[in-house]
Amino acid sequence: PATRNLSFFEAINYGVTKFVEMALLIFTTLGKLFTDSANTIGQLSGPAGIYNVTAQITETGSISQLLTLLALLST
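Numbering follows our numbering, with no gaps: position 1 of the sequence shown is 4.
Bear in mind the hints are in silico, worked out from the structure with no lab data behind them. One or more hints might be untrue.
[To be verified] Computed list of lysine to any residue pairs in SDA-like fashion (alpha-carbon distance at most 20 Å, straight line):
| # | residue 1 | residue 2 |
| --- | --- | --- |
| 1 | K21 | S67 |
| 2 | K21 | T31 |
| 3 | K21 | R7 |
Produce the entire structure from the sequences given, and follow the hints as far as they go.
Set out below in structure tokens:
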């Protein structure tokens with residue numbers, strides 16, 4: 004994957020943007036657990052599902068996607 008160097012302010016902007024995206028994703032998913040539980044619960048997975056997703060991401064070789072997954076799992 005192509006990478007580029009960001010200036011300090013671009014990096015801050017990128018970090019804040021990604022933080023907001025992840026926070027919205029987490030809160031949207033949590034909200035769906037309570038309002039649309041029939042559809043959402045079927046999409047949840049346990050350790051085996053997490054392993055499969057991790058394996059798929061590591062096959063792509065994308066460190067940023069792997070770190071994003073680790074950040075989501077740690078919340």
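Q.
Run the distance test for K21 versus R7: straight-line Cα separation, threshold 20 Å.
A. holds (17 Å)
Q. Within a Cα-Cα threshold of 20 Å, do K21 and S67 meet the stated pairing?
A. Roughly 11 Å between the alpha carbons, so the hint for K21 and S67 holds.
Q.
Check whether the Cα positions of K21 and T31 lie no farther apart than 20 Å.
A. Holds, at about 15 Å.
Consistency note: the structure conflicts with none of the earlier hints.
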